[in-house]
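Asker: In the order they appear, the protein sequences are chains L and F. Quick note: the first sequence uses this note's numbering, first residue 8, plus one each step. Quick note: the second sequence uses this note's numbering, first residue 117, plus one each step.
What the hints contain is simulated information worked out from the structure, not anything from laboratory work. C-beta atoms are modelled at their ideal positions from N, C-alpha and C, and glycine is treated no differently. There could be a bad hint or two in this list.
Partial selection, computed: residues in chain F whose CB lies under 8 Å from chain L [as the list claims (entries may be wrong)]:
1. 239
2. 282
3. 284
4. 285
5. 288
6. 289
7. 294
8. 296
9. 299
10. 303
Take a look, some chain L residues computed to stay more than 12 Å from chain F by CB distance [claimed, not checked]:
11. 23
12. 51
13. 76
14. 88
15. 122
16. 125
17. 135
18. 136
19. 140
20. 143
21. 151
22. 152
23. 185
24. 206
25. 242
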Amino acid sequence: MTAGAANLLELEDVRCGYGPTAVLHGVSLHVPEGGIVSLLGANGAGKTTTLRAITGAIHWMGDIRFAGHSLRRMATEDIVRSGIAHVPEGRGILTELTVDENLRLGAHKRKDREAVRKDYERVFEYFPVLRERRRLSASTLSGGEQQMLAVARALLMKPRLMLLDEPSLGLAPMVVRSIFEIIRTINQTDHVAVLLVEQNARLALDLSSDAYVLEVGRVAVSGKSAELQGQESVRRSYLGY
Amino acid sequence: MQELIQQVVSGLANGGIFASLALALVLIYNAMGLLNFAQGEMAMFATFIAFTFINHGVSYWFALPLTVAIAFAGGVLIQRVVIRPVERAPVLTLVIVTLGLATLINGAAGFFFGYVPRVFPSPFSVSTVNLLGAYVSYQDMGVIVVSGVVLVLIYLLLQRTTIGLTMRAAAHHREASRLLGVRVSWMLALGWGLASAVGTVSGIMVAPVLVLEPNLMQTIIIYAFAAAVLGGIESPLGAVVGGLIVGVTVNLAGAYIPFVGGDLQLAVALAIIVGVLVVKPNGLFGRPSVRNV
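Sequences are here, hints too, so could you generate the full structure?
Answerer: See below:
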């Protein structure tokens, strides 16, 4: 993995927890500009907590840098506005609002109206079902459609980095495949970097170039995704397939 | 028939006043999950400010928007200074804080403006006009029009503007809204400002009908509670519809149910509150609350 300026996101010895319970015991990882990185591991390993630390939902020690600047003491709103779109656990859909209002919230800070309009068109091209359901309450969407809405809304934020927390959770395999295809497309056309948290290790390794495996709050293994996939021992002990 | 129409129109005028205050309650309920018991007192204090302007020769139609703007700023200030420090406290703490705020504002109004009841001027003539055979006062129609305009403006702000969209988002899902770059804390303060502004309109509308004194809003707030509960406490539209229904119902009950008269109208409002909570706790426009355990 290349070091220095090419890294969009850098975590350095990040430690944090909830109250007296430590969850991360010094996690270091890098996401290169325009790259896709998987963050794998069992339940409770600290994957979601890592993402929550990045967008400032939880107090941490160590350092987190985005595009060269430390995110220390920054409010979640400011971190997000600096170019990180976080699709949280449970997708963060605002179910009291319509599908369209959810999408508008994604783009609400953007001033480049013409580009926003084009991004809307692209979003509806990727997920035609969202166009059909525009006027409906977001609560009427199925789980897969809500995940599509969450990814579409993240795209409309025009981020440099997307944090995706288990986009495959609870979805049918076919839906998962199409959503992952579109994540790949977004990464390639917009050069958006992606940090992908997944339980489905096989799927995540296929998509990503690099991967980290967390085990009880520490990075146990890291490397090129293709290499990790090839190592039988790693697969058996950490990835469970 | 003629009397019925008159009673309904007059009920709608009262309803517009209740609706404005009920909407204020709903806006704050959405922002912090709690009824603001100081809402009426805030409106009363602002009405005194309007009275002071008018007494110093400011025209009514300039004093009204000026006071509403001051009330908006006051609402934001109260949220920042009084509510924000206890935002994460248990609900009961917040209840006590708003009750304390109500007492404080009531006392401050007595201190600054005195307890002598004053006649608040109305820009509308008390004379009547013949409408479909019924005699309707300009006063009632004026109140209906002003309340209507204010409620439509609030609706447009919440439903048709980006700032309204982010306010609604912040009220419903704080964490998810933060992740979309919404400044949630400021949106909640704006909610307080907006509530204070719309509540003030109800104070200024009701003052000419009653007399202006520190206890001006103490019965009105009960009607507003009834309206908000009937509409389904979380729904702005419900607050408006609830306000109109309560206004008309109370007026008709006073006119046609012999023992109610003028004395038991407040009891009708309380009966509505109890009735709704027993029969349909989520109100007309509320959604059933589902909690995962």
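Asker: Taking the hints in turn, state whether each one holds.
Answerer: Results of checking the hints against the structure:
1. 239: Residue 239/F check fails; min Cβ-Cβ to chain L is 38 Å, beyond 8 Å.
2. 282: Given a least distance of 6 Å, the restraint on residue 282/F holds.
3. 284: At 7 Å from the nearest chain L Cβ, residue 284/F passes the 8 Å test, so the hint holds.
4. 285: holds, 6 Å
5. 288: holds, 4 Å
6. 289: Holds, because the Cβ-Cβ distance from residue 289/F to chain L comes to roughly 5 Å (cut-off 8 Å).
7. 294: holds, 4 Å
8. 296: OK, holds: residue 296/F within 8 Å of chain L, min 5 Å.
9. 299: holds, 5 Å
10. 303: It is violated, given that the least Cβ distance between residue 303/F and chain L is near 10 Å, above 8 Å.
11. 23: Answer for residue 23/L: holds, closest chain F Cβ roughly 17 Å.
12. 51: holds, 20 Å
13. 76: holds, 17 Å
14. 88: violated, 5 Å
15. 122: holds, 17 Å
16. 125: About 19 Å separates residue 125/L from the closest Cβ of chain F, which puts it past 12 Å; holds.
17. 135: holds, 23 Å
18. 136: About 21 Å separates residue 136/L from the closest Cβ of chain F, which puts it past 12 Å; holds.
19. 140: holds, 18 Å
20. 143: holds, 15 Å
21. 151: Label holds. Min Cβ-Cβ 19 Å, cutoff 12 Å.
22. 152: holds, 17 Å
23. 185: Holds, since 24 Å exceeds 12 Å.
24. 206: holds, 21 Å
25. 242: holds, 33 Å
In the structure shown, a violation is registered for the earlier hints numbered 1, 10, 14, in ascending order.
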